[in-house]
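Colleague: Let chain B serve as the given structure and place chain A on it in line with the hints.
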Amino acid sequence: MTELTYTGAPASFWRIAAVATRHAYVLKRSPHRLFDVVMWPVVDTMLFGSIGVFASRSTHGAAQVPLYLLAGIVLWHVVYQAQIALSTAFLEETWSRNLLNLFTTPTREWEYMAGVALFGLVKLVVGVGAVALIAWTVYAFKITSLGFGLLPVVLLLMAIGMAISLFVIGLVLRFGSGAEALAWGILFGIMPISGVFYPVSALPWVIRPLARILPTTHAFVVGQTLARGEPMPWGELGIAVGSTAALVVLAFGYAAWMLRVFRERGFVTRYS
Amino acid sequence: MTSAEFVLRARQLVKDYRRGRAVDGVDLEIRPGERVGLLGPNGAGKTTTLLMCLGVVRPNGGSVEVLGHPMPRGRYAAMEQVGFVAGYLPLPERMKVEEYLVMFARLYGLRNPKAAAQRGLDRFGVAHLSRAMGTELSSGQKTLIGVVKASLHRPRLMVLDEPTASLDPEVALRVRTGLRELSETDGTALLVTSHNMVEVERLCDRVVFLSAGRVVADGRADEIAQQFGRDDLEGVFLHLAQVRDASRDASPLATEAS
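These protein sequences, in sequence, are chains B and A. All letters in the first sequence, in the order written, are residues 1 to 272 by the numbering used here. All letters in the second sequence, in the order written, are residues 273 to 530 by the numbering used here.
Bound conformation, chain B alone (with noise of 0.2 Å):
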């Protein structure tokens, strides 16, 4: 190549910055995507915090349940948006036919990953901004009430919402559009059984095992433990990153598996 061209470091840095640039248009000349990154969210603190409300003045001893609903949502939507955030921008790369252009550069994936990353961390402050807004403004909750303990436990549940995108590409990758509508529901099926807005025992019993190998459960049950007041569960804090290392280390081998057999089996094809 020539004087005119980066290469190494510099080079990556400029790809990153490229797909990021790239989300930043999708973003800006569709403004129905907003109601992902912020109206969803929205309405889902309207919701759960007056239901929490309704609930604390209608029982005894309910004066708890505002506090796992406001945290459980606001922490939440760290998942989602992560998650969503991801996974529907490889979805435009599918819906705009534009994967084979990307894969006949020197782009490499991690640099994609990262680029969509990025910006998906853009959205993610911003989605996550507004719940939090709303529930301080409306229902005096303040996320910050945490304290720092709640930097560890944002980061894991950016990790899991991550992860959790990497199998819905993967799952994309292996067998195409008819699996983008995991994109939207497979969190739904995390949700319930991760105690994001009761404890695991309210649970039935039959489903208390699965939900303990889930990362999102600890992740939750930390953020919990902070809402109340209570000092950092080290403990708990320790399996939760154990978890959500094993989720990452078996998202990225699955993304890497399905991305092998859509070589090996010319899948590129569905979408040119």
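These are calculated hints, taken from the structure and not from any lab test. Some clues are possibly wrong.
BS3-like, lysine-lysine: derived pairs with alpha carbons at most 25 Å apart [unchecked claim]:
{"no.": "1", "chain 1": "B", "residue 1": "Lys142", "chain 2": "A", "residue 2": "Lys386"}
{"no.": "2", "chain 1": "A", "residue 1": "Lys368", "chain 2": "B", "residue 2": "Lys142"}
{"no.": "3", "chain 1": "A", "residue 1": "Lys368", "chain 2": "A", "residue 2": "Lys386"}
Pulled from the structure, derived: some chain B residues nowhere near chain A, Cβ distances all over 12 Å [to be verified]:
{"no.": "4", "residue": "Thr105"}
{"no.": "5", "residue": "Val125"}
{"no.": "6", "residue": "Pro152"}
Idealized CB from N, CA, C, for every residue including glycine.
Modeller: Chain A only, in chain B's frame:
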């Protein structure tokens, strides 16, 4: 001749899909600056061969080297010097032409993406489209922008799959002229698939004919026509299509179905 003297060298490529063998022992070599047409009836294995050469589809057998890089492992390094355009691929809907070109210039690693985009638009006479949205372009304009995209980094090999499909003769001529100029000034080798035999005869130095996943002829257009006892490439194409149809009719599946 060493592998460095070829921009593309494919040996005994084989690709099996569930429905059967799509490519069956294809050899393909392209030298720097050479313009090669890859022809054949529908289902002959042209696109699969191209995709294996680009490292997008993994072959079941054989090997591909692009500019000395073994594929698909060396795909990233090879693609820094390869451009790809397909007439059937649309432009992303929510980007302006200039934004689209700048994005790809950055993906190719260019230091001055805006200048590269402008230079490409000027070369193909479409500078007036730079502020247009992808959805506002005609199919001919989209193809021209696709060619500009694929040539931004002055590649040593450009792979074009049906580049002028559905273009009117004037736009097809403009694409052909631009490609010929690119090849002559930059020394870019071209590998082109097309169903337009006249276009291939005018643009390419050499033609490779595929039929049922195999190379059945490789040489200059007039040599191949002579080899098959036809007047031109169209005559060869029609002959190969008839042979394919006859072999399908004679297959056990076709007999059972009838």
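Colleague: It remains to establish, for every hint, whether it holds in the given structure.
Modeller: Status of each hint after checking the structure:
1. B:Lys142 / A:Lys386: 45 Å, violated
2. A:Lys368 / B:Lys142: Violated. Lys368 of chain A to Lys142 of chain B sits at ~42 Å, over the 25 Å cutoff.
3. A:Lys368 / A:Lys386: 13 Å, holds
4. Thr105: Not fine: 4 Å to the nearest Cβ puts Thr105 of chain B too close to chain A.
5. Val125: For Val125 of chain B, whose nearest Cβ neighbour in chain A is about 22 Å away, the distance exceeds 12 Å, so it holds.
6. Pro152: 34 Å, holds
Of the hints listed earlier, those the structure fails to meet are numbers 1, 2 and 4, in rising order.
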